[in-house]
Amino acid sequence: AQSVSQHNHHVILSEAASLELGCNYSYGGTVNLFWYVQYPGQHLQLLLKYFSGDPLVKGIKGFEAEFIKSKFSFNLRKPSVQWSDTAEYFCAVNAGYGGSQGNLIFGKGTKLSVKP
Amino acid sequence: GAGVSQSPSNKVTEKGKDVELRCDPISGHTALYWYRQSLGQGLEFLIYFQGNSAPDKSGLPSDRFSAERTGGSVSTLTIQRTQQEDSAVYLCASSLGRTGNEQFFGPGTRLTVL
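Chains A and F supply the protein sequences, listed in that same order. 1284 is the number of the first residue of the first sequence in our numbering; add one for each residue after it. 22 is the number of the first residue of the second sequence in our numbering; add one for each residue after it.
Some hints here could point you the wrong way.
[What the hints assert, rightly or not] If you anchor each label on the Cβ, the simulated ranges turn out as follows:
#	chain 1	residue 1	chain 2	residue 2	range
1	A	Gln1325	F	Asn73	40 to 48 Å
2	F	Asp84	A	Ser1297	34 to 42 Å
3	F	Gln62	A	Glu1303	24 to 32 Å
[To be verified] Think about it this way: if two alpha-carbon atoms lie no more than 30 Å apart in a straight line, the pair counts; the simulated DSS-like pairs of lysine-lysine are:
#	chain 1	residue 1	chain 2	residue 2
4	F	Lys32	A	Lys1391
5	A	Lys1391	F	Lys78
6	F	Lys38	A	Lys1394
Bear in mind the hints are in silico, worked out from the structure with no lab data behind them. In this text the structure is predicted, and so the values were computed from the model without any measurement. No residue lacks a Cβ here, since even glycine has one placed at the ideal position from N, Cα and C.
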């Protein structure tokens, strides 16, 4: 069965610090990869996604993620965080085209707290 | 345009009662998903609809849980004989197609079973 692991439960950073959130998945076939963010009191919204092509994908608000197939990883990065990045971040995967599953498999999430 | 909407936003019920949760997807989205978000469990997939059909019910935790979708639009998730462990936030998402397309999430229904 597919699974997603997020290594950090809670990360606390000061403003302007660099961010890297780890995500590893287990699935042998073609995958689509996503990072979603949930700001306090708001809906889950998409930060970025990888389907194919360039393994370095850029999303909204200066976030980027790199797909490393050999490591089954899709880590999220941001060079300089802001207080407004305080949120919970979820990594998710589903089977790529031709797969039987359309649903997302989520990691347990990483809470990011940015100190002003 | 309007996003995914869910109602009620909060539901408090007594153990053993039935509850119905509603989801209005984005117009034109053929795929609809239900997820559950609970402490310690993260986000769990419950059921997927393509149109009015549910080809994947693998995530429903027990036969107390059921869902339907009518007119390729609104979906209702029903939990019968609620238990305290059913307490969670129930999220609905919709997308243009099946695998690979972005899923847009609603605000969720927070269910508390006393």
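Against the structure, the hints come out as follows:
1. Checked against the hint of 40 to 48 Å, the pair Gln1325(A) and Asn73(F) fails, with Cβ atoms roughly 30 Å apart.
2. Under the hint 34 to 42 Å, the C-beta atoms of Asp84(F) and Ser1297(A), about 50 Å apart, miss the expected range.
3. Evaluation of the 24 to 32 Å hint for Gln62(F) and Glu1303(A) yields a pass: the beta carbon distance comes to about 25 Å.
4. Between Lys32(F) and Lys1391(A) the alpha-carbon distance is near 24 Å, which keeps this suggested pair within the 30 Å criterion.
5. Distance check on the hinted pair: Lys1391(A) and Lys78(F) sit about 21 Å apart at the alpha-carbon level, within 30 Å; holds.
6. Taking the CA atoms of Lys38(F) and Lys1394(A), the gap is near 34 Å; set against the 30 Å cutoff, the hint is violated.
Going through the hint list in order, the structure does not satisfy hints 1, 2 and 6.
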